[in-house]
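Peer 1: Sequence:
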Amino acid sequence: MVSIEILRVVRIVTLILAGIVAYLAAKSYRRGGGRIMLYLSLGFSLIALGALLSGVFFEFFAFQIEESYAVESVLIALGLAVIVYSVYGTK
469 MVSIEILRVV
479 RIVTLILAGI
489 VAYLAAKSYR
499 RGGGRIMLYL
509 SLGFSLIALG
519 ALLSGVFFEF
529 FAFQIEESYA
539 VESVLIALGL
549 AVIVYSVYGT
559 K
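Sequence positions in the sequence shown follow this note's numbering and run 469 to 559.
Hints were generated in silico from the structure; no laboratory data involved.
Cβ atoms here follow ideal geometry from the backbone N, Cα and C, with glycine treated the same way.
Among the hints, a few may not be true.
[Said to hold, decoys possible] Label pairs and their in silico Cβ distance ranges:
| no. | residue 1 | residue 2 | range |
| --- | --- | --- | --- |
| 1 | Arg498 | Ile472 | 34 to 40 Å |
| 2 | Gly500 | Phe528 | 14 to 20 Å |
| 3 | Glu527 | Leu485 | 39 to 45 Å |
| 4 | Leu546 | Tyr491 | 17 to 23 Å |
| 5 | Tyr553 | Leu485 | 28 to 34 Å |
| 6 | Gly501 | Ala538 | 34 to 40 Å |
| 7 | Ile484 | Ser541 | 34 to 40 Å |
| 8 | Tyr553 | Leu492 | 16 to 22 Å |
| 9 | Ile533 | Val555 | 31 to 37 Å |
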């Protein structure tokens with residue numbers, strides 16, 4: 469079984485990396501104005517939000533690990549859907 473400490477580290481790394489990509493995409497959107505970068509930034513922001521909320525719910529609100537991962541999975545799925553839209557749905 470995976471220890472809670474490893475899960476915490478992985479969640480923090482996910483939060484940081486998704487946050488960096490979201491920041492860079494938002495910065496690119498402000499420079500160039502392309503809608504693709506706006507949606508890309510939104511998608512990665514949702515992924516980062518999923519990692520953040522999952523950790524907060526588990527650590528501070530006594531959610532079970534399965535419940536916190538369900539929240540994270542829903543936000544990751546939404547984020548990935550927005551990313552797919554940014555690539556295929558915008559012109």
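Peer 1: If a hint holds in the structure, say so; if it doesn't, say that too.
Peer 2: Each hint tested on the structure:
The hinted window of 34 to 40 Å between Arg498 and Ile472 holds, with their beta carbons roughly 38 Å apart. For the pair Gly500 and Phe528, the beta carbons lie near 39 Å from each other, so the given range of 14 to 20 Å is not met. The hinted window of 39 to 45 Å between Glu527 and Leu485 is violated, with their beta carbons roughly 20 Å apart. For Leu546 paired with Tyr491, a C-beta distance near 19 Å keeps the hint of 17 to 23 Å intact.
Between Tyr553 and Leu485 the Cβ separation comes to about 21 Å, which falls outside the hinted range of 28 to 34 Å. Evaluation of the 34 to 40 Å hint for Gly501 and Ala538 yields a pass: the beta carbon distance comes to about 36 Å. Remark: the range hint 34 to 40 Å for Ile484 to Ser541 is contradicted by a beta-carbon distance near 19 Å. At about 19 Å, the beta-carbon gap between Tyr553 and Leu492 stays in the expected band of 16 to 22 Å.
The hint said 31 to 37 Å for the Cβ distance between Ile533 and Val555, and at roughly 32 Å that hint holds.
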